[in-house]
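Engineer: Spelled out from the first residue to the last, the chains are:
Number of protein chains: 2
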Amino acid sequence: MAPQDLQITLERFSSGDRRVLARVITLVENRSRDVPRIMRALYPKCGRARVLGITGPPGAGKSTLTDKLIARLRARGRRVGVVAVDPSSPFSGGAILGDRVRMQEHFLDDGVFIRSLSTRGRHGGLARATREVVHLLDAFGFDDVLVETVGVGQTELDIMRVAQTTMVVLVPEAGDTIQVMKAGLLEIGDVFLVNKADREGARRLKNELEAMVQLRPDARWQAPVLLTQATDGTGVDDLLAAIDAHQAARTRRAAHEDEEARLQEWYEILRDELSLRLERAVAGEALRPMAERLRRGDIDPYSAALDTLADPAALERLLGERRDGGEE
Amino acid sequence: MAPQDLQITLERFSSGDRRVLARVITLVENRSRDVPRIMRALYPKCGRARVLGITGPPGAGKSTLTDKLIARLRARGRRVGVVAVDPSSPFSGGAILGDRVRMQEHFLDDGVFIRSLSTRGRHGGLARATREVVHLLDAFGFDDVLVETVGVGQTELDIMRVAQTTMVVLVPEAGDTIQVMKAGLLEIGDVFLVNKADREGARRLKNELEAMVQLRPDARWQAPVLLTQATDGTGVDDLLAAIDAHQAARTRRAAHEDEEARLQEWYEILRDELSLRLERAVAGEALRPMAERLRRGDIDPYSAALDTLADPAALERLLGERRDGGEE
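Those protein sequences? They're chains A and B, same order as listed. Following my numbering, the numbering of the first sequence begins with 4 at its first residue and continues without gaps. Following my numbering, the numbering of the second sequence begins with 4 at its first residue and continues without gaps.
Okay, chain A solo, but in the shape it has when bound (with noise of 0.2 Å):
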């Protein structure tokens, strides 16, 4: 993109363009070269909106509980922009079409914004794009930005740690607690939620929800377990209730983690630009001689590896990034 072009689309972003802002995303799951430019001109502009996330296994209700949220934020009066994560389905493109199916909800209501992310950057690019589209959706004025992603593995984990609040969605059934543990869920709740709170055992497991809150070290925040219905609402009012105590428990402390989370920020960029950078090396023409080396077997991938590595010539070849622009 053109020094001229950056500067319009940044203009019409900031005047409020809603194709502008879905056209920029597009960028980020495109990994677009742009972005980190882009990034930098509306980061002044982040760090207004609540980052809320939402996870738990599949079938917990999350979805439900995610439009139940959105209508309550709503008659808050608060914008509300929405980002749904489904790492575990790489190959159906399932995302999109629930995205399409939920965003007919709320089609005419401007105050609301619901964009879906598949697997399309593996190796942590899909945390850092759901957090450059959480910077979006923040720096375009939503007041709350909700983080919803699907399954319990460790990109899950990644992803949810943009998240200010945590809930976990849990349902009640055999072997719950477990999965929540080994899963990893019971570290990063803020919150937790029981739903569908009218099937047997749902006491049970808040109970054993509760205990095991008890036990983990930060002092500082005790997680309340919640009973939910999502279909009918019930719950919901706490949930918001639970939020805004979480939020303030964390305003007062939010100065270091603010200071962590630039640094982890900064670090996770210069990785996924060194990765982004490579990629397109090993694509064109830097690496070709060796490449060729490699087919031919004349060469093992190790020394391949260690001989670039040691030659701060090949290093800069490989990363420097001499073309800007044109490329979309």
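Hints listed in this document are in silico derivations from the structure and should not be mistaken for laboratory results. One or more of the hints may lead you astray.
[As the list claims (entries may be wrong)] EDC-like, lysine to aspartate or glutamate: derived pairs with alpha carbons at most 16 Å apart:
1. A:K48 x A:D201
2. B:K48 x B:E14
3. B:K48 x A:D303
4. B:K209 x B:E176
5. A:K48 x B:E176
6. A:K48 x A:D8
[Stated by the list, open to error] Residues of chain B clear of chain A, computed beta-carbon distances all greater than 10 Å:
7. S18
8. R22
9. R40
10. R43
11. T67
12. R81
13. T180
14. R206
15. M215
16. D247
17. L266
18. R274
19. A308
20. L309
21. E319
22. L321
[To be verified] A short list of chain A residues far from chain B (calculated; beta carbon distances all over 12 Å):
23. V38
24. S66
25. T67
26. T237
27. A248
28. R255
29. E288
30. L290
Just so it is clear, CB atoms sit at the ideal spot from N, CA and C, and this is done for glycine as well.
Assemble chain B onto chain A, guided by the hints.
Structural biologist: Okay, now just chain B, sitting in the frame of chain A:
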């Protein structure tokens, strides 16, 4: 590790010292600086073992099946190495417990070596660590290397790429087929197993899988769908025959695949090595002034990253490896 220590390690490894094998695997787990040099030295010994992957949702009976496979392969006189990878449990350390329990059975059998890997290296690090452990077991002289993963996420798919023959284990349960498709397991399976075949729905799942397999574009190998019962060993002989058949079919087209695998491996080593050097740089002195500016809020993370990446000298400070040895 000093050059002479490296030499001694390599000699003991080559003489078949299992404690040295275990120690080198620990170096891989800890992402030691010595790993690329060790791998380079051992690479010429690799490429003899069959690499067999076993994956599928939790509770499908993968571990029991692996144990039965080990027994049959041992009965054929083959030496068997096993890597069990559990990317889903970053906190529990469950993999290591499973390791110990299973090691007991084969404790006195020198022809079997079982090792678990847990989620230490994030961001693709686990897939690379798995491949390195596979190389080590291969170079050590195991005839078959089994790679077992738990779960169905993107990390597991990445890990399974190391396998030459991938077994996907399923159980007859409602919705299973859709899960398979969603999780990308359909694409990676070379042999499908419907385990717990005495359960209702086993035959139907087999039929559904066979129909789906026929829709796959690869005409060179028609993945069989086998009914097994891991607990009593039913179907394990058929499984061995299917593995042999797939390996034979694979050999006929292996040269090109090996080329691609070498290129991919080279790229991944470069990527992970850069990421590792960056991690060390961030933790060390080279980037401290920038880190201080970030802490104070004098610069935002994107500007900090772009400034660092735009400066060749900074890149070299960041990624050049000056020290060699000393640290484990």
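Engineer: If a hint holds in the structure, say so; if it doesn't, say that too.
Structural biologist: Now for the hints, and whether the structure bears them out:
| no. | hint | in the structure |
| --- | --- | --- |
| 1 | A:K48 x A:D201 | violated (43 Å) |
| 2 | B:K48 x B:E14 | holds (13 Å) |
| 3 | B:K48 x A:D303 | holds (12 Å) |
| 4 | B:K209 x B:E176 | holds (12 Å) |
| 5 | A:K48 x B:E176 | violated (49 Å) |
| 6 | A:K48 x A:D8 | violated (20 Å) |
| 7 | S18 | holds (22 Å) |
| 8 | R22 | holds (24 Å) |
| 9 | R40 | violated (7 Å) |
| 10 | R43 | violated (4 Å) |
| 11 | T67 | holds (18 Å) |
| 12 | R81 | holds (26 Å) |
| 13 | T180 | holds (13 Å) |
| 14 | R206 | holds (26 Å) |
| 15 | M215 | holds (12 Å) |
| 16 | D247 | holds (26 Å) |
| 17 | L266 | violated (6 Å) |
| 18 | R274 | violated (5 Å) |
| 19 | A308 | violated (4 Å) |
| 20 | L309 | violated (5 Å) |
| 21 | E319 | violated (5 Å) |
| 22 | L321 | violated (8 Å) |
| 23 | V38 | violated (9 Å) |
| 24 | S66 | holds (16 Å) |
| 25 | T67 | holds (19 Å) |
| 26 | T237 | holds (27 Å) |
| 27 | A248 | holds (26 Å) |
| 28 | R255 | holds (18 Å) |
| 29 | E288 | holds (15 Å) |
| 30 | L290 | violated (9 Å) |
In terms of the numbered hints stated before, the structure departs from hints 1, 5, 6, 9, 10, 17, 18, 19, 20, 21, 22, 23 and 30, listed from lowest to highest.
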